[in-house]
Amino acid sequence: ETGVTQSPTHLIKTRGQQVTLRCSSQSGHNTVSWYQQALGQGPQFIFQYYREEENGRGNFPPRFSGLQFPNYSSELNVNALELDDSALYLCASSPGLAEGYNEQFFGPGTRLTVL
Amino acid sequence: AQTVTQSQPEMSVQEAETVTLSCTYDTSESDYYLFWYKQPPSRQMILVIRQEAYKQQNATENRFSVNFQKAAKSFSLKISDSQLGDAAMYFCAYRSARGTGNQFYFGTGTSLTVIP
Chain Y
1 ETGVTQSPTH LIKTRGQQVT LRCSSQSGHN TVSWYQQALG QGPQFIFQYY REEENGRGNF
61 PPRFSGLQFP NYSSELNVNA LELDDSALYL CASSPGLAEG YNEQFFGPGT RLTVL
Chain A
1 AQTVTQSQPE MSVQEAETVT LSCTYDTSES DYYLFWYKQP PSRQMILVIR QEAYKQQNAT
61 ENRFSVNFQK AAKSFSLKIS DSQLGDAAMY FCAYRSARGT GNQFYFGTGT SLTVIP
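Chains Y and A, in that order, are what the protein sequence lines are. Just so we're aligned, residue 1 is where the first sequence starts under the numbering used here, counting upward by one. Just so we're aligned, residue 1 is where the second sequence starts under the numbering used here, counting upward by one.
Just chain Y, with the same shape it has in the complex (with noise of 0.2 Å):
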């Protein structure tokens, strides 16, 4: 059983650039999670996607943005790049949403730097 992967592993961009982080589900998932993990602090919910719909979203602009596929992998965009999107971007698998005791896999994440 294969499980949560991500790349690129680290990114370095300048700001005002886009960017676009990909995941892969572990098999047999169909919802995704993602989170913004900065320097010193906890995780912070982005959005989810099941079955390919948004299906719920945290305190984040627009610029963010995502997508997930058919397989159930997903992307996650950011557009016009702010230094403050300096940080960790790790995705969350799980198997369905009906069952709230579900953990969420994790994948390594994808360090982002915005210079």
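To be clear, the hints were calculated from the coordinates, so they are not data collected in a lab.
Computed list of chain A residues with no C-beta within reach of chain Y, every gap over 10 Å: (1) E15; (2) S22; (3) T27; (4) T60; (5) F64; (6) N67; (7) S76; (8) L84.
Examples of chain Y residues toward chain A, derived with CB under 7 Å: (9) Q41; (10) F106; (11) P108; (12) G109.
Beta-carbon label-pair distances, calculated as ranges: (13) A/K78 x Y/S65: 38 to 48 Å; (14) Y/I12 x A/Q69: 43 to 53 Å; (15) A/R63 x Y/N79: 37 to 47 Å.
Glycine included, each C-beta is placed from N, C-alpha and C at the ideal position.
Got chain Y sorted already, so can you dock chain A onto it with the hints?
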């Protein structure tokens, strides 16, 4: 919105000893789930233990156990017989049982050092 507070930014423990990490949360809901996640330097978050709010019995997973005090909104993690591999950031997380989304709310974490 729910908030999760971890008041101990750093903790240390001698190898083979016991340590307790604290977590409090704020919610008006009666049904929810609580989790402890471990994030080692490799960055990948790993579930340590979970608790359903409607269960009075404290969860236990091998050397890891929780002290869940619902009225006090407290959810501490006890690590017994600490091992060097336990060194990591530990995050407490909350998830509502309502609705179909499963957004997790995380605390700011506790960095645990294990001293040989």
